[in-house]
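K.L.:
Residue numbers (my numbering), protein chains in the order written: chain A, 198 to 525; chain B, 198 to 525; chain C, 216 to 553; chain D, 216 to 553.
Treat the hints with care, since some could be wrong.
[What the hints assert, rightly or not] Cut-off 20 Å, straight-line C-alpha distance, at most; resulting in silico cross-link-like pairs (SDA-like, lysine to any residue):
id	chain 1	residue 1	chain 2	residue 2
1	D	480	A	242
2	C	394	D	419
3	A	519	B	478
4	C	361	A	249
5	D	529	A	501
6	D	361	D	456
7	A	519	B	477
8	B	236	B	209
9	D	480	A	231
10	A	236	D	482
11	D	394	B	248
12	C	261	B	502
13	A	236	D	480
14	D	480	A	240
15	D	361	D	457
16	C	361	A	218
17	A	236	D	411
18	C	480	B	231
[As the list claims (entries may be wrong)] Just so you have them, the derived chain C footprint on chain A, three or more residues with Cβ under 8 Å:
id	region
19	252-262
20	265-276
21	286-294
22	352-363
[As the list claims (entries may be wrong)] Derived CB-CB ranges, DEER-like:
id	chain 1	residue 1	chain 2	residue 2	range
23	C	512	A	246	54 to 60 Å
24	B	219	C	484	34 to 40 Å
25	D	482	B	393	58 to 64 Å
26	A	240	C	536	52 to 58 Å
27	C	287	B	244	51 to 57 Å
28	D	486	A	423	56 to 62 Å
29	A	450	C	287	58 to 64 Å
30	C	452	D	483	39 to 45 Å
31	C	307	B	219	56 to 62 Å
Honestly, the hints are just simulated from the structure, not real lab data. Yeah, the Cβ is synthetic: ideal placement off N, Cα and C, and Gly gets one too.
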Amino acid sequence: MREIRYREALREAMLEEMDRDETVFLMGEEVGHYQGAYKVSEGLLDRFGERRVIDTPIAEAGFAGVGIGAAMVGLRPIIEFMTWNFSFVAFDQIISNAAKIHQMSAGALRVPIVFRGPNGAARQVASQHSHAVAPFYAGVPGLYVCQPSTPRDAKGLLKTAIRSNNPVVFLEGETLYGLKGEVPDEGVEELIPFGVSKVARVGSDCTIVTWGRPYHVAMAAADALAKDGIECEVIDPRTLRPLDLEPVIASVAKTNRCVVVHEHWPYGGPGAEIVDQVQRRAFDHLDAPVERVSGLDVPMPYALNLEEYVLPTEERVIDAVKRVSYAK
Amino acid sequence: MREIRYREALREAMLEEMDRDETVFLMGEEVGHYQGAYKVSEGLLDRFGERRVIDTPIAEAGFAGVGIGAAMVGLRPIIEFMTWNFSFVAFDQIISNAAKIHQMSAGALRVPIVFRGPNGAARQVASQHSHAVAPFYAGVPGLYVCQPSTPRDAKGLLKTAIRSNNPVVFLEGETLYGLKGEVPDEGVEELIPFGVSKVARVGSDCTIVTWGRPYHVAMAAADALAKDGIECEVIDPRTLRPLDLEPVIASVAKTNRCVVVHEHWPYGGPGAEIVDQVQRRAFDHLDAPVERVSGLDVPMPYALNLEEYVLPTEERVIDAVKRVSYAK
Amino acid sequence: MAPERGSCKLAPVGKPVPDEDHLLKQYRSMRTIRRFEEEAARNYAKGHIGGFLHLYIGQEAIAVGAVDALQPQDYIFQTYRDHGIALARGMTPESAMAELFGKDAGCSRGMGGSMHMFDVERNFLGGWAIVGGHLALAAGTAFKAKYNQEDRVTICFFGEGSTNIGGFHEAMSLAGLWKLPIVFVCENNQYAMGTPLERTSALDDLSIKAKGYAMVGDRFEGHDVTLIEERLGEAVDRARRGDGPTFVEILTYRFRGHSMSDPAKYRTRTELEQKKQLDPLQVTHAQLIELGVAESQLDDLDLEIDELIDAAVKFAEEAEPAREEVMLGTVYAPEDDA
Amino acid sequence: MAPERGSCKLAPVGKPVPDEDHLLKQYRSMRTIRRFEEEAARNYAKGHIGGFLHLYIGQEAIAVGAVDALQPQDYIFQTYRDHGIALARGMTPESAMAELFGKDAGCSRGMGGSMHMFDVERNFLGGWAIVGGHLALAAGTAFKAKYNQEDRVTICFFGEGSTNIGGFHEAMSLAGLWKLPIVFVCENNQYAMGTPLERTSALDDLSIKAKGYAMVGDRFEGHDVTLIEERLGEAVDRARRGDGPTFVEILTYRFRGHSMSDPAKYRTRTELEQKKQLDPLQVTHAQLIELGVAESQLDDLDLEIDELIDAAVKFAEEAEPAREEVMLGTVYAPEDDA
Ligand SMILES: Cc1ncc(C[n+]2csc(CCOP(=O)(O)OP(=O)(O)O)c2C)c(N)n1
Ligand SMILES: Cc1ncc(C[n+]2csc(CCOP(=O)(O)OP(=O)(O)O)c2C)c(N)n1
Ligand SMILES: [Mg+2]
Ligand SMILES: [Mg+2]
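Chain A on its own, in the form it takes in the complex:
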């Protein structure tokens, strides 16, 4: 194992897959000459040239569609959205085309494409640039949705996404790019399958389901709670579609409690879907209702003090766990 940053893990995944498969290319705004708005694609242009690392004009619907069309006839595009907020102008391409083509054509066409980029709040980028978009995509049949929270998951899931024969929505995090973590040594290839949750922390008192940036908030909260003698089991689904809740159900059978922690708005989305399945599949095990800790139900304000107030905090996670544990 070695330590690298989340950003580098993503870059390695793209580099390795582009090395092994000539049909893979990267397209997006500033991915080439600028080396990526967040430097994720740094060095890829020099290595693969302008044919395979393509800078685009600002036309998300256009280049997302170009990617889908290219995928229909055998290429494997990686489409970078400078941030996922800009996927909204390409929304129809993803929902009405990418997710539908395989079935509309009765299986005659495939759309092996990855849409990737940073998702969620990125420190004071405010109202139009802070969307946590999982709720818009995770509910759509025909798409896969990944949201890795560590460098290792980022690399292993992106490699799987690039090799997938289906459209994949890949949600990264601007505030995660600098995060360091262990990944397999060079030469050791790891493909992390979709639909396999990860038990990140073992505990017997309360089950916490979390992913993305809040995963780290929840892990910190779990450490703090351990000091009070409350041991949390922290489970990261890693992929929101397919969603693997087997380990969560098994965990709740043991802890009898569950708290879901996520960045996206409280109404609906993966957060509510997980609650729905847990209450249905672990009904007889629950000693308390499933609680959620999420971003507040407001557009993201600019001011730092307010942004911190809106996003899930360690305190809110601790309170929720204590609530479901009927502890003070």
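Got chain A sorted already, so can you dock chains B, C and D with the ligands onto it with the hints?
P.N.:
Chains B, C and D with the ligands only, in chain A's frame:
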């Protein structure tokens, strides 16, 4: 009371509000000279002229944005999407602009606008034209979302929506337009407030929460179940944002059982949100997990036999109610 | 830069002379489309076909001329008004009609329906129902041809009503910037649903739009299949040579409503009758007679096609319904062979 | 139809002669913007300002010339690069700087930040961060002016990198079709983030795009505030007269990176130095000297502005933080007065 069609109820709402407020106008594709793709706006052009009933080119993002801009400076646009499927090309305008402007401007600007049109499956219009879009909008703070299932609710809610100082997503149904139902007599004005659920049927055995087209499926199922001695209480939230679950919680306290019936895909959305709140707020009352009956997790196929298989059926509702009632 | 022809008069540049056998083949194809659409309409009325049904009647010469301007390896995209191009490209009437009937034997196995026909073997890539949504896809297949240095052109059809939407602009911008091997064909049938061009566009001559993308523009009428084949051929060759995309506006007219649910009250009987003077089938029929083809030979051909279409309807009626397993099995493509 | 000037040479048509007092006022405004941006940059480095910060340094003459071409009742829209126009329109540096500091005293009370400034009293309607997303909104305020027959023009600014996105096309199409009283101003500062125009557009002369919308096009350089005021004045008058929208391309350059996080490695020092020869502030300074204004008077003015900006920074530092109640209270507008 008189009987009119859902389509006519919507038309009356627009006509009455346009009569009383000159700042209200209708804009969309084929709303004028063609009298509306589904004839909802029939006659409005003749009455109000081309200044206030405006046919647009096919440019949803453009005319949705024009509406939002006009609303920012004092007009009250009604923007018709020929179907809600086409809102996907205007998605960014609704999410990043309409829902954000009031807060971004710290309250200095308001966006009193209604986006309306038919939502959901419309008999074999297939993959790209059959989206039930509530999950994409109901989770967004800054928006209100209405989905009336009867002519009376359609008229009363649309009038409230047009008078609202906020952006409203108003979801109708092509398969509901022809539906007849009672509305208040001419001259009797009824404004139905947002966030007030309707108890459509009283029963003591199981609570059914449903809205839109499936409301009628659930009502039929409730009648059938009554013959087997199972009395369902059917509650229609009518507005999905704000969501009024007080009556549902009170009902579950009585029935100890709950089934949610909706057209949208199973993952997330209002369906999962309702389950989340019910299990949290009525935890001690539930004798069985909350169940859901929804559209299947697939893109909508064209063939009639398959479309009927995908959409919620009376049988599936009956089975779900019996399951939570531990009845055969 | 866009050459002046972009905004030229309608007078065709040197009217090409048709070859008898070739024109006969094209007449057969156009007639097949016409009869297919007429039977589709009848069966829609009977309730055997559901959803939306957009007929190509009146525009047949465009699909047929285009197909003859293309190579088998070239990619084709069309809107929901897609039966004509599908048949012109060689899809069997059985396969197309069975799709309309929602049967497993249909070209999309009942998943797609009228608006989503596909014939991937023949490189007909659909059948798209979101206005403007398929232009970028077409640019994408052209991008792939360039990426792989394949000798393949993409042709993409859409209506004049589709030129105001963002999807049109972005696809045109990228194709022009990257000089993709693609031909954008705007079938200007004068109406977008019930709205005439003058109420959707500040421009009358849409080919002027090519200038905004540093693209070559062309513009001509759509009732003479020989002219269409030649002029589209020029654009296709330009793309094949690597000289970049072309934006072509073809002036045409649909003799039926926008879809089966449209009574087309927005146009006058006289306008329709006058337009029918240039019915591409009658024009071609007259050309063939002029070339010395016997009236009787054409009558026999017409009968032959009538039988072909009747057989297609019978096939569709008797075919097996669309299957649940296909629906459930095509939400995701298998990963194994990844 | 678009007149030929759309694609004309850059030679200004009859260079206008500036008036001393007026030019002095404009110099003050430009200088205020320049100094405001410099202090904003410094305070961003200090960590007092967060998020994205896009500076207007190098483009000041455009905002100042535009404001003088407008009436108080006219509406103004700008991208995230919005401090310049906000100040030019009369927003106080205190209010603008406090917004950058995320304070309750800011023009958007800390909700919007650098990219979302608003000054509704002065009809400055933001401050928008989605490329292409605000053009349709601007068409909407122009629509309202026409709907109410108000004597109001809307001016909408955006960068050259924004001309490839659908939002640009749809707003232009609708404005052209409906002859809305609006002026679209493309501030062509040569780069979209790190990408030069030649890699984002097949056209060099963007004003040609006006033809595709049957719109008047104009194109000129952006360092001479007097020229800008006159040429934009023509477009604004055209809109005011009801003669429809204009698409204006103004050639300019930003002396800083795209935002504070951009080191701007993609351009050469020489290119930057050469462009700085046409620094609008220096150009105006020279014009004033030429008109006989004393060097010392301008020095005093500069000092006065330095103090004004220092005071704004002090004000912002000391102001109260943004408030939770405002955030929670502005998700929805009150309904009572409906
Ligand atoms: C984005 C979008 N908006 C609206 C529609 C509904 N619609 C389908 S076809 C059509 C008219 C298209 O006219 P045109 O582009 O001229 O093509 P034609 O039908 O005449 O061949 C409209 C408005 C749609 N399918 N997609
Ligand atoms: C739809 C969308 N895509 C991408 C971005 C990210 N982005 C912000 S500014 C910018 C460059 C814009 O360049 P230009 O239009 O020339 O304006 P300038 O910054 O030069 O003033 C990009 C790509 C965005 N804000 N919105
Ligand atoms: Mg048309
Ligand atoms: Mg620029």
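K.L.:
Compare the structure with each hint and give your call.
P.N.:
Consistency of the hints with the structure:
1. Among the hinted pairs, residue 480 of chain D with residue 242 of chain A is consistent with the structure: their alpha-carbon atoms are about 16 Å apart, no more than 20 Å.
2. Taking the CA atoms of residue 394 of chain C and residue 419 of chain D, the gap is about 15 Å. The hint holds against a cut of 20 Å.
3. Taken as a hint, the residue 519 of chain A and residue 478 of chain B pair is honoured in the structure, with Cα atoms around 17 Å apart against an allowance of 20 Å.
4. At most 20 Å may separate the alpha-carbon atoms for a hinted pair to count; residue 361 of chain C and residue 249 of chain A meet this at roughly 12 Å.
5. Taking the CA atoms of residue 529 of chain D and residue 501 of chain A, the gap is about 19 Å. The hint holds against a cut of 20 Å.
6. Distance check on the hinted pair: residue 361 of chain D and residue 456 of chain D sit about 11 Å apart at the alpha-carbon level, within 20 Å; holds.
7. Restraint check for residue 519 of chain A and residue 477 of chain B: satisfied, since their Cα atoms lie roughly 15 Å apart, inside the 20 Å limit.
8. Pair hint residue 236 of chain B plus residue 209 of chain B holds up; C-alpha atoms about 12 Å apart against a cutoff of 20 Å.
9. With a CA separation close to 8 Å, the supplied pair residue 480 of chain D and residue 231 of chain A stays within the 20 Å bound.
10. Between residue 236 of chain A and residue 482 of chain D the CA atoms are separated by roughly 18 Å; this keeps the pair inside 20 Å, and the hint holds.
11. Under the criterion of a C-alpha separation no larger than 20 Å, the hint pairing residue 394 of chain D with residue 248 of chain B is consistent with the structure, at around 14 Å.
12. For the proposed pair residue 261 of chain C and residue 502 of chain B, the alpha carbon gap of about 17 Å is at most 20 Å, so the pair holds.
13. With a CA separation close to 14 Å, the supplied pair residue 236 of chain A and residue 480 of chain D stays within the 20 Å bound.
14. Distance hint between residue 480 of chain D and residue 240 of chain A is fulfilled; the C-alpha atoms sit about 15 Å from each other, no more than 20 Å.
15. The hinted pair formed by residue 361 of chain D and residue 457 of chain D meets the criterion: a straight-line CA distance of about 9 Å does not exceed 20 Å.
16. The straight-line distance between the Cα atoms of residue 361 of chain C and residue 218 of chain A is roughly 17 Å, inside the 20 Å bound, and the hint therefore holds.
17. Note on residue 236 of chain A and residue 411 of chain D: the hinted pairing holds, with a Cα-Cα distance of about 19 Å set against a maximum of 20 Å.
18. Of the supplied pair hints, the one linking residue 480 of chain C and residue 231 of chain B holds, its CA atoms being roughly 8 Å apart against a limit of 20 Å.
19. Remark: the region 252-262 of chain A is confirmed as covered by chain C, as 8 of its residues place a Cβ nearer than 8 Å to a Cβ of that chain, reaching the required three.
20. Taking a C-beta to C-beta cut-off of 8 Å, the region 265-276 of chain A contributes 8 residues in contact with chain C, enough for the three needed, and the coverage statement holds.
21. Check on the region 286-294 of chain A: 5 of its residues sit with their Cβ under 8 Å from a Cβ of chain C, so the three-residue criterion for coverage holds.
22. Beta-carbon proximity to chain C at under 8 Å applies to 4 residues in the region 352-363 of chain A; the threshold of 3 is reached and the given coverage holds.
23. As the Cβ distance of residue 512 of chain C to residue 246 of chain A is approximately 58 Å, the hint placing it in 54 to 60 Å holds.
24. Between residue 219 of chain B and residue 484 of chain C the CB atoms are about 38 Å apart, so this pair conforms to the stated range of 34 to 40 Å.
25. In this structure the supplied range 58 to 64 Å holds for residue 482 of chain D paired with residue 393 of chain B, their Cβ-Cβ distance being about 60 Å.
26. Checked against the given bound of 52 to 58 Å, the beta carbons of residue 240 of chain A and residue 536 of chain C, roughly 55 Å apart, stay inside it.
27. Under the hint 51 to 57 Å, the C-beta atoms of residue 287 of chain C and residue 244 of chain B, about 56 Å apart, fit the expected range.
28. At about 58 Å, the CB distance of residue 486 of chain D to residue 423 of chain A agrees with the hint of 56 to 62 Å.
29. The hint said 58 to 64 Å for the Cβ distance between residue 450 of chain A and residue 287 of chain C, and at roughly 60 Å that hint holds.
30. For the pair residue 452 of chain C and residue 483 of chain D, the supplied restraint of 39 to 45 Å holds, since their beta-carbon distance comes to about 41 Å.
31. Between residue 307 of chain C and residue 219 of chain B the CB atoms are about 58 Å apart, so this pair conforms to the stated range of 56 to 62 Å.
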